[in-house]
Amino acid sequence: MTGTRVEVRDASKDIDGAVLLHPTSFAVDAGSCVVLRGPNGAGKTTALRLVAGLTSPSTGTVTLDGEPADERRSATREAVAALLGTPAGWRDLTLVDHLTLVDASWGRDPATCHERVLAALDEVGIGHLPDRFPHELSSGQTQLFHLALTLFRPARLLVLDEPEQRLDTERRMLLAGLLRARRDAGTTILLACHDPAVTEAVADAVVDIDPEHR
Amino acid sequence: MTHASGHDGPVGTDRERLADVQHVLHGEEGSGSWRSLLYTLYVVALLSGIYGFTVLRGVVEVAHLPARGVSLGPTSGVGALVLGGVVALVVVLALLAHATGRRRGPVTPDLPWLDHVATGPADRRLVLREAWRLPATGLLVGGTLVASVLGAAVWGGGAAGPAAAVTGLAVGVLGSTTVLLAWLAGQLAADDHAGMRTGAALRTAARPGTALRALGLDGLRAHSARSARLGGGVLAGDPRAIRLEAASPVRRGRTWRLRSRGPVRTVLARDLLGLRRQPFLVVGSAVLLLAAGVALGAVVAGRPGNIVPAALCALLFHLGAGPVAEGLRLLGDTLGAPRLLGGSVTREAVAHTAAPAALVLVVAVPAAGVTAGLLAGGVAAATAALVTASVGAVVLGSQWLAAFRVMPPSFAFLPDVGPQVLLAWLAVPLLVSAGAGVVVVQTLLAATAGVPLAAASAALAVVVVWLRAHGVLGRASSAHRD
Numbered sequence: 001m002t003g004t005r006v007e008v009r010d011a012s013k014d015i016d017g018a019v020l021l022h023p024t025s026f027a028v029d030a031g032s033c034v035v036l037r038g039p040n041g042a043g044k045t046t047a048l049r050l051v052a053g054l055t056s057p058s059t060g061t062v063t064l065d066g067e068p069a070d071e072r073r074s075a076t077r078e079a080v081a082a083l084l085g086t087p088a089g090w091r092d093l094t095l096v097d098h099l100t101l102v103d104a105s106w107g108r109d110p111a112t113c114h115e116r117v118l119a120a121l122d123e124v125g126i127g128h129l130p131d132r133f134p135h136e137l138s139s140g141q142t143q144l145f146h147l148a149l150t151l152f153r154p155a156r157l158l159v160l161d162e163p164e165q166r167l168d169t170e171r172r173m174l175l176a177g178l179l180r181a182r183r184d185a186g187t188t189i190l191l192a193c194h195d196p197a198v199t200e201a202v203a204d205a206v207v208d209i210d211p212e213h214r
Numbered sequence: 001m002t003h004a005s006g007h008d009g010p011v012g013t014d015r016e017r018l019a020d021v022q023h024v025l026h027g028e029e030g031s032g033s034w035r036s037l038l039y040t041l042y043v044v045a046l047l048s049g050i051y052g053f054t055v056l057r058g059v060v061e062v063a064h065l066p067a068r069g070v071s072l073g074p075t076s077g078v079g080a081l082v083l084g085g086v087v088a089l090v091v092v093l094a095l096l097a098h099a100t101g102r103r104r105g106p107v108t109p110d111l112p113w114l115d116h117v118a119t120g121p122a123d124r125r126l127v128l129r130e131a132w133r134l135p136a137t138g139l140l141v142g143g144t145l146v147a148s149v150l151g152a153a154v155w156g157g158g159a160a161g162p163a164a165a166v167t168g169l170a171v172g173v174l175g176s177t178t179v180l181l182a183w184l185a186g187q188l189a190a191d192d193h194a195g196m197r198t199g200a201a202l203r204t205a206a207r208p209g210t211a212l213r214a215l216g217l218d219g220l221r222a223h224s225a226r227s228a229r230l231g232g233g234v235l236a237g238d239p240r241a242i243r244l245e246a247a248s249p250v251r252r253g254r255t256w257r258l259r260s261r262g263p264v265r266t267v268l269a270r271d272l273l274g275l276r277r278q279p280f281l282v283v284g285s286a287v288l289l290l291a292a293g294v295a296l297g298a299v300v301a302g303r304p305g306n307i308v309p310a311a312l313c314a315l316l317f318h319l320g321a322g323p324v325a326e327g328l329r330l331l332g333d334t335l336g337a338p339r340l341l342g343g344s345v346t347r348e349a350v351a352h353t354a355a356p357a358a359l360v361l362v363v364a365v366p367a368a369g370v371t372a373g374l375l376a377g378g379v380a381a382a383t384a385a386l387v388t389a390s391v392g393a394v395v396l397g398s399q400w401l402a403a404f405r406v407m408p409p410s411f412a413f414l415p416d417v418g419p420q421v422l423l424a425w426l427a428v429p430l431l432v433s434a435g436a437g438v439v440v441v442q443t444l445l446a447a448t449a450g451v452p453l454a455a456a457s458a459a460l461a462v463v464v465v466w467l468r469a470h471g472v473l474g475r476a477s478s479a480h481r482d
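Keeping their order, the protein sequence lines are chains A and B. The numbering of the first sequence is the working numbering, which starts it at 1 and goes up by one. The numbering of the second sequence is the working numbering, which starts it at 1 and goes up by one.
Just to be clear, a hint being listed does not mean it is correct.
[Said to hold, decoys possible] Anything over 12 Å on all C-beta distances counts as not near chain A; from chain B, calculated:
id : residue
1  : V78
2  : D123
3  : E130
[To be verified] Estimated spans, in silico, between C-beta atoms of each pair:
id : chain 1 : residue 1 : chain 2 : residue 2 : range
4  : A       : R73       : B       : I50       : 27 to 33 Å
5  : B       : G284      : A       : P154      : 18 to 24 Å
6  : A       : S139      : B       : R35       : 38 to 44 Å
7  : B       : G27       : A       : D131      : 50 to 56 Å
8  : B       : D192      : A       : S139      : 19 to 25 Å
9  : A       : S139      : B       : I50       : 52 to 58 Å
10 : A       : E67       : B       : H193      : 53 to 59 Å
If you're looking for bench data, these hints aren't it; they were derived computationally from the structure. The structure displayed is predicted, hence computed values, not measured ones. Backbone N, C-alpha and C define an ideal beta-carbon position, used for all residues, glycine too.
Between the sequences and the hints, there should be enough to build the whole structure, so can you do that?
Encoded structure:
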């Protein structure tokens, strides 16, 4: 699958006078991985939400393959898998049920669904917990489950907000390996990350988001 | 160890020290909790006495029971049946109270009180006494008032002698005590520290002092925090927060697996699996929809002169379709988060509507048809089935309104009119069901009587509700954007 090219040009965001992101520009080439860095409050999450099309920029533009990023457009929804906060979940489904539902909704082959689902859980290291309900997971396992959900759906662009949070060192390196594999397969990746080791392992480029406008 | 003050331990009795703490926290005035409770009970007593008694007595008088030779006195046959029904109601309420107590028990002191006072050496019975006595007093007095007014209205309306009033008082005292102790037993049974099974919890709850000493800090914190979040959800007009806090975590049927059956059928299978894991939702829905169907059948057969019976049927219908519409509510919960599922939100919402629609068709429509058929023949049966299916369509649209609403209007948070606005906003789906349901029932009944365009009016009511529902879904899908 070909990755999506992301272009952010002088994009800013303010709500009722509160500036969440000063004008910012960067680009992510198709099939590459860019890491956003910056102190808390710099606007990294806001920049990711703009790229995922979850909100509109107050000024400037955010485009995916030349088209505006807007999750109300089916092209954006089809292209972008995002982990921004807690993803959608169903309190009455187990982990394996969640992935089955995601798999089916994208029209994949029902005959091989179960194998894909188990492999996806295994990939992030929670393959031994298929029949747990989400509320029965530890915080680290919950993060791994959220990653599994996000990585499982088809996407040409992955947008991840601090995917390393709550993970131990071993799991962080596992995450870095997964992201490298997705990038090598052609998926574009944009993530905010505070972990230097993960950044070093996955980033083709690093963009520093400055909390002060210069 | 010697304290800096020179004392070897706490000064004074537990009661004195707790009184000191109360003084430090609230000053000479005290916390005001008792004043608020007593004022609330005063208002309830006033309204029950003036309006409750008058209205209920009027209802009893209008029913002309004595003229029909029916007495509701506790020694008569009908009276005994009614009393049996009341006892059954108390048992159901006690079971519900026990289930509620497992999530939110009666003993929920403020969190700071728990963290800074309950952790001290004072007797836990004393520490928790006020937090227990407040809800206990409210429930006992409130329950007794309601039952007494009911009994007095039956007496005042001439359907029974003064024994009905005495019976009402007795049922009120005993019933509310039973419900109260079941509520406390629920909290005890859910408390890891108390570690009691239901039977032991019930026995312990009968001795509240012992029960309070048995409650552990972890459980108390959980219940108090949940209580605070529930209160926050109510004040913020956030039905989702209320629902998630009130609902027990699902643990049943973890090995029953969802199978992939294509994009739409898997969503439907998801809902069915979720309902298998929470069967009480199906049972609750089925019972209420059965009652709504029977009532609608009776309305169609009887063709009453006013709209009140039809409105009550539509309300019951709405309440019945609600529990089984869990899939719609869960979809509403996920709106705003980045999409995980392929396909459109509308397609998903339609798929989630299938489960409640199926229960309406399987339970309510046949119940209405059979009831009307038995009461008024074949034509009435067909009419009742059509009316019920149409009211069902309205009610399902209202379930969308309930599942996909976003935020209450900003003036719902104003101090003076806020609570009323908030209640009205929460009641909108219910009111739409009742209003449009009445239109559908009345116009379809008129259509069978040959009134031109009546059927078109019924269809228009259904279409308007669904257009509104679709609009609400669209707004909910994009409401998170800024």
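Consistency of the hints with the structure:
no.	hint	verdict
1	V78	44 Å, holds
2	D123	35 Å, holds
3	E130	33 Å, holds
4	A:R73 x B:I50: 27 to 33 Å	59 Å, violated
5	B:G284 x A:P154: 18 to 24 Å	39 Å, violated
6	A:S139 x B:R35: 38 to 44 Å	43 Å, holds
7	B:G27 x A:D131: 50 to 56 Å	55 Å, holds
8	B:D192 x A:S139: 19 to 25 Å	20 Å, holds
9	A:S139 x B:I50: 52 to 58 Å	55 Å, holds
10	A:E67 x B:H193: 53 to 59 Å	58 Å, holds
Hint compliance for this structure: hints 4, 5 are broken, all remaining hints hold.
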